[in-house]
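Next come the chains, spelled out residue by residue.
There are 2 protein chains.
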Amino acid sequence: MQQDGATLGGLGEEGVLGEVLDAYADLPAQDLLVGPGDDTGLLAVRTGAVLATTDTVVRDRDWRDDWSTAQDVGIKVVTQNLADLAAMGGRGTGVLVALVAPDSLPRAWVRGLTEGIAHAAGRAGVPVVGGDLSSTPGDTVMVAVTALGELDDGVGAPVLRSGARPGDLLAVSGPLGRSGAGLELLSSGRSTARDEQERALLDHHRRPLTDLGQGPAAARAGATSMIDVSDGLVRDGDRVARASGVRLVLDGAALDRLAAALVPAVDPEEALRQVLSGGEEHELLATFPAGADVPSGWTVLGEVVALGADAPADRPGVWCREERLDPAHGGWDHFGG
Amino acid sequence: MQQDGATLGGLGEEGVLGEVLDAYADLPAQDLLVGPGDDTGLLAVRTGAVLATTDTVVRDRDWRDDWSTAQDVGIKVVTQNLADLAAMGGRGTGVLVALVAPDSLPRAWVRGLTEGIAHAAGRAGVPVVGGDLSSTPGDTVMVAVTALGELDDGVGAPVLRSGARPGDLLAVSGPLGRSGAGLELLSSGRSTARDEQERALLDHHRRPLTDLGQGPAAARAGATSMIDVSDGLVRDGDRVARASGVRLVLDGAALDRLAAALVPAVDPEEALRQVLSGGEEHELLATFPAGADVPSGWTVLGEVVALGADAPADRPGVWCREERLDPAHGGWDHFGG
Numbered sequence: 001m002q003q004d005g006a007t008l009g010g011l012g013e014e015g016v017l018g019e020v021l022d023a024y025a026d027l028p029a030q031d032l033l034v035g036p037g038d039d040t041g042l043l044a045v046r047t048g049a050v051l052a053t054t055d056t057v058v059r060d061r062d063w064r065d066d067w068s069t070a071q072d073v074g075i076k077v078v079t080q081n082l083a084d085l086a087a088m089g090g091r092g093t094g095v096l097v098a099l100v101a102p103d104s105l106p107r108a109w110v111r112g113l114t115e116g117i118a119h120a121a122g123r124a125g126v127p128v129v130g131g132d133l134s135s136t137p138g139d140t141v142m143v144a145v146t147a148l149g150e151l152d153d154g155v156g157a158p159v160l161r162s163g164a165r166p167g168d169l170l171a172v173s174g175p176l177g178r179s180g181a182g183l184e185l186l187s188s189g190r191s192t193a194r195d196e197q198e199r200a201l202l203d204h205h206r207r208p209l210t211d212l213g214q215g216p217a218a219a220r221a222g223a224t225s226m227i228d229v230s231d232g233l234v235r236d237g238d239r240v241a242r243a244s245g246v247r248l249v250l251d252g253a254a255l256d257r258l259a260a261a262l263v264p265a266v267d268p269e270e271a272l273r274q275v276l277s278g279g280e281e282h283e284l285l286a287t288f289p290a291g292a293d294v295p296s297g298w299t300v301l302g303e304v305v306a307l308g309a310d311a312p313a314d315r316p317g318v319w320c321r322e323e324r325l326d327p328a329h330g331g332w333d334h335f336g337g
Numbered sequence: 001m002q003q004d005g006a007t008l009g010g011l012g013e014e015g016v017l018g019e020v021l022d023a024y025a026d027l028p029a030q031d032l033l034v035g036p037g038d039d040t041g042l043l044a045v046r047t048g049a050v051l052a053t054t055d056t057v058v059r060d061r062d063w064r065d066d067w068s069t070a071q072d073v074g075i076k077v078v079t080q081n082l083a084d085l086a087a088m089g090g091r092g093t094g095v096l097v098a099l100v101a102p103d104s105l106p107r108a109w110v111r112g113l114t115e116g117i118a119h120a121a122g123r124a125g126v127p128v129v130g131g132d133l134s135s136t137p138g139d140t141v142m143v144a145v146t147a148l149g150e151l152d153d154g155v156g157a158p159v160l161r162s163g164a165r166p167g168d169l170l171a172v173s174g175p176l177g178r179s180g181a182g183l184e185l186l187s188s189g190r191s192t193a194r195d196e197q198e199r200a201l202l203d204h205h206r207r208p209l210t211d212l213g214q215g216p217a218a219a220r221a222g223a224t225s226m227i228d229v230s231d232g233l234v235r236d237g238d239r240v241a242r243a244s245g246v247r248l249v250l251d252g253a254a255l256d257r258l259a260a261a262l263v264p265a266v267d268p269e270e271a272l273r274q275v276l277s278g279g280e281e282h283e284l285l286a287t288f289p290a291g292a293d294v295p296s297g298w299t300v301l302g303e304v305v306a307l308g309a310d311a312p313a314d315r316p317g318v319w320c321r322e323e324r325l326d327p328a329h330g331g332w333d334h335f336g337g
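Residue numbers (my numbering), protein chains in the order written: chain G, 1 to 337; chain Y, 1 to 337.
These are calculated hints, taken from the structure and not from any lab test.
There could be a bad hint or two in this list.
[Stated by the list, open to error] Not the full set, but computed from the structure, chain Y residues with beta-carbon under 8 Å of chain G:
| # | residue |
| --- | --- |
| 1 | Ala52 |
| 2 | Leu85 |
| 3 | Gly90 |
| 4 | Ser104 |
| 5 | Gly131 |
| 6 | Ser134 |
| 7 | Thr136 |
| 8 | Pro137 |
| 9 | Ala144 |
| 10 | Glu270 |
| 11 | Leu272 |
| 12 | Val300 |
| 13 | Val305 |
| 14 | Leu307 |
By construction, the Cβ of each residue, glycine as well, lies at the ideal position given by its N, Cα and C atoms.
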């Protein structure tokens with residue numbers, strides 16, 4: 001039996017907020033001129049402009065309680081927001097967190113979520129600037145994070161999706177398909193890892209902790225376009241291709257090598273599918289001028305080709321072996337698709 | 001019968017986003033260096049620091065579809081966020097919007113929401129910097145807005161809750177209790193106004209459109225503390241009193257005058273209750289030094305008194321006629337209370 005106070009409803013709004021704010025009190029706050037507890041936060045901005053993005057996770061859509069802990073959810077939602085900043089060449093300077101949940105949500109779950117948020121924010125060196133707590137009459141549990149940031153030192157302009165140019169190299173900041181392969185393991189009933197490979201895949205699905213410094217590193221190396229791989233290589237690559245008016249031509253051998261890293265945890269066909277379409281990876285996909293020094297840790301995946309240059313059809317998109325990969329069948333659409 | 005595409009699920013994520021972004025295209029964007037459509041937005045910040053706040057509304061908790069249109073919801077959620085900026089002495093510079101909804105949500109509702117958001121943002125002269133769209137397996141519809149802003153011209157420092165000093169005047173930027181009285185009318189079955197007074201109350205409940213310039217005006221006039229009245233005079237006043245370590249002593253005659261403005265739409269007793277505890281008003285409560293010129297349009301409600309100065313009990317809070325008003329019975333708590 002749960003005691004009184006063991007749920008959000010029992011604890012009351014101010015009680016919950018008190019606990020949550022305590023957990024954030026040790027985050028770096030030198031730029032936080034006014035922190036949570038007033039009508040708004042006030043955050044110093046040194047570069048004349050603030051990056052801002054928002055990304056939401058929903059129970060039974062973005063996570064399942066039997067597969068992910070509350071800490072996992074907190075880490076994941078913060079990381080995916082910070083990865084969007086990294087993809088512009090930015091670094092985080094603060095996050096805001098909104099939680100919507102039924103009165104019946106266990107207080108322990110909120111504590112876990114808060115710990116996960118504090119962990120991911122602490123790793124990135126950013127404070128919690130503000131937040132909101134709302135109840136819902138339904139069962140939905142939803143965490144909405146807004147991340148604020150600035151272009152990192154040495155990054156003069158944001159790296160957009162629209163800057164890829166024919167002749168550029170296409171590269172990715174790390175492995176692909178791990179989160180999707182981890183989800184595949186969970187879906188097939190394997191929530192406990194049998195070896196280190198499976199553990200890495202499950203961990204990356206539950207709590208991706210990518211190197212957020214790779215975005216600014218790519219920007220300093222001259223990246224012409226960049227995107228966070230959140231909906232899969234094909235779908236996110238297609239966005240870059242359309243914004244830039246080019247084709248991204250993938251190197252089949254490079255894809256095979258990325259896929260091989262997921263075998264035998266998943267079978268080879270599934271591995272390739274996850275490399276192409278697995279979402280929630282939060283590595284970065286970027287293009288670099290042909291002569292650029294692609295930063296250490298990045299893998300060249302292909303090249304940028306002008307429309308009509310050497311392909312039968314004349315259409316922006318992600319191509320491999322003379323074929324356009326259909327984003328509708330290679331990624332995750334939140335509605336329909 | 002709804003046609004294919006008449007719901008979020010039918011339209012697909014990119015289709016919905018395309019429609020939504022079109023609706024925001026005409027908002028003022030001179031400071032929006034990168035707008036929606038990339039991994040993050042980039043917004044110019046002229047004063048070296050950004051104000052940031054987030055506030056969420058949930059269907060059947062913050063609105064009912066039979067009482068409020070989608071446009072109403074969009075106006076209300078943006079206004080309540082911008083009011084938080086105003087309460088610091090700030091003005092909005094941008095908003096981010098996250099929508100979580102089931103696949104079955106009608107496309108027309110999303111259009112209406114978007115129109116409401118665009119209306120309230122346009123009125124304040126701010127662009128939409130970014131957003132997110134997520135599906136939920138449940139019935140919950142949730143709109144989370146993050147508002148960004150800056151201290152307004154001539155405002156050197158943010159106005160906090162903690163700055164009220166004994167001897168200050170307490171004032172409010174407009175009427176109180178309208179939203180609560182409007183909700184009371186709706187709850188008693190009156191969703192169509194019988195006269196102008198009822199119409200004003202219903203309108204203010206559904207789509208509060210307060211004068212957001214009053215926050216900066218109060219800051220320039222020397223306001224020592226300020227808060228947006230979102231949870232009721234007593235509850236929000238109690239927050240200022242505790243943060244400042246003072247008592248706010250209300251003038252009973254001033255309360256009676258505010259209450260009289262709600263009669264006969266609601267009866268006199270209910271009117272006083274709504275003045276004290278009605279939420280979602282989004283007028284501003286501020287304290288001013290005794291000699292300050294309280295800005296035009298503000299009503300003096302009482303004064304700030306030191307603890308132990310002239311009252312039997314020695315406790316921060318909101319007092320009236322020698323009695324401390326209990327915030328637990330005078331406002332809205334999102335969980336329990």
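Results of checking the hints against the structure:
1. Ala52: holds, 5 Å
2. Leu85: Holds. Min distance 6 Å.
3. Gly90: Gly90 of chain Y check passes; min Cβ-Cβ to chain G is 7 Å, inside 8 Å.
4. Ser104: Nearest chain G Cβ about 10 Å off; hint violated.
5. Gly131: holds, 6 Å
6. Ser134: holds, 5 Å
7. Thr136: holds, 5 Å
8. Pro137: Interface hint status for Pro137 of chain Y: holds (5 Å vs cutoff 8 Å).
9. Ala144: holds, 4 Å
10. Glu270: violated, 24 Å
11. Leu272: Violated. Min distance 25 Å.
12. Val300: This interface hint is violated because 21 Å lies over the 8 Å limit.
13. Val305: violated, 22 Å
14. Leu307: violated, 20 Å
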